[in-house]
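Asks: As a plain string of letters, each chain reads:
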Amino acid sequence: MTTREPATESPTEPAAGAAAAPIIEAVGLGRDFVLTEGPFLRRTRRTVSAVQDVSFTVRTGEIVGYLGPNGAGKSSTMKMLTGILTPTAGSVRVAGMEPSRQRTRLAREIGVVFGQRTTLWWDLPLRDSLTLTRHLYRVPAAAHAERLAELTELLELEPFLGTPVRQLSLGQRMRGDLTAALLHAPRLLVLDEPTIGLDVVSKSTIREFLLKINRERGTTILITTHDLGDVERLCDRVMVIDKGRLAFDGGLPELRATVPTPRVLVVDLVAPAPAIEVEGATTVRVDGPRQWLELADNPARVIAEVAREHEVADLTLREPDIEGVVSALYRGTVPAGDRT
Amino acid sequence: MADTLSPENPEAPEAPRTSNPLRAAGRALRTYVLLAWTWCRAVAQYPMALSLFTFGLALSSLAEMGAVVVVFGHAGTLAGFTVYEGLLVYALAALAFGTADFLMGSVDRLGDHIRTGSFDTMLVRPVPPLVQLATHQFSPRRLGKLVPALAALVFALVACDIDWTLGRVLMLPVLLVSGAAVCSSVWVLAGCLQFFVADAREAANSVTYGGQALTEYPIAIYGRGLVRSVTFVVPLAFVSWQPALYLLDRPDPTGLPEALRFLGPLVAVVLALAAALVWRFGLRHYRSTGS
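Line order of the protein sequences matches chains L and W. Residue numbers for the first sequence follow the numbering used here, beginning at 27 and rising by one. Residue numbers for the second sequence follow the numbering used here, beginning at 134 and rising by one.
Hints were generated in silico from the structure; no laboratory data involved. Where a beta carbon is used, it is the ideal one built from N, C-alpha and C, also for glycine. Don't take each hint at face value.
Among the chain W residues that face chain L by a calculated CB cut under 8 Å, a handful are [to be verified]:
no., residue
1, L167
2, A175
3, R258
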């Protein structure tokens, strides 16, 4: 399997050419785990590759989505980028540093948010947690006050700044975590499932916020998620990892193009009827007066023909959603050679 | 704010390099105090629970002390040690372990932090993870062990017949610090076991708490093999036994060379270095958990 040369071909390269220096460079990155199994004294050792030969470059200012099913190697990659895990193969440089060797220095340059666990102090009011963060990152008091004021306004933290973290709702806590990750003005924000478990409003607040800091501060964002709404709203570029290997790296339109997921025309007839037969489309489902037609051809012609032949109450054209595309990729419907 | 983020100025102004080990140590110490203080404030939200816990710990320390007195009271002397001398050995051990528990006690929670993933969050902060781990849930209630031990030590030092030469006066704080350093290093080493073996906390506690129980009595009462292993393998003999021999100016009843009693500080330094190395090795081989 060949991994693409990303970025250079990417249609979503940031406009500012000079600012587009690479912030992450991974070359042949791999991580093996040795598992010991069986009863004591009769143990067998087995090597499992969580990540294999992953190469990519992320340029300053990009928002990159990192997708993959559970156990595909997403988190292992993120942990190698942040210095938590030491790679067993290949190399990676983040902000010009080698994460596992320069972890503490790198921590000043990046902000990390784990959706599943908080980096705040459970029993302290949010404000105290954020002050503590200021000391740990050694941010000058003036800069801290300025950034905190800005983030408080953007994320509407004011009502719960004095509340102990354990009493915050998930959405509030996530906003607090994002604030803590951004107070030291990191160049790169690494988000591991930041919208997991959030309601629609909280998700949308967080997405708009991320777009804003990316635009205004030029913060590079790398995000793993299972929520394809995040991807469609935020990411100019997606990388898909499957079984430890990079299966796709490119723009969203390209990802759609890799998997021939047809558009679907939903036809509501005035009365139930047998399956519509029309050239350039296949009727895939009939439910009372409603029928689903998969389009293989120009929708305009098909729509005209359906309207001529039948009495139509309503018509909707559904674009293939990214979810279908990604799950097709995960299932391996796309042969390796077709991944252009 | 945005210009500090531009690639022309990749080094943010508030991020100087830490190259000098002394400065790094000073900073780690400041971070320790800051985090410990923060945790203290957090537990102070529950003053009743805090005082009850502290009182409970103090009571259990007193009970242990009572046991020493009862054992010696029945036997009269053990291995040639009177009850006050026995109390001295106990107090030296309890103070060293109390200090280690006070400073490093949370390290044996490493396995929990690895399992729940909170260790990962410690690793992405720009302060040493060992400091974060050691201060996690730091609570003033640990003074409940420390204060009775200190009181017992002062009492025993007064009650025992000690020839207070200048050397002994100067050596006493050195011995106390060395003992605490030996215990702290053993705590860290035992905690590191959890990098490699899941749920190793119980096994680790056999060395940490088991070691405490062992050193609370004059080790001459144990078999020869055990005496040698706590002298040369896990050097717990330097926590209470060798210092007590020095303070009381006794020949070693187990027949080991008398020069050993002066090796405490050296043993502490070597053990602390070993703990630091093993901790680094463990970090480098840390596997994290799934998800």
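Asks: I'd like to know which numbered hints this structure contradicts. Please list them from smallest to largest.
Replies: Hint check: nothing fails, all pass.
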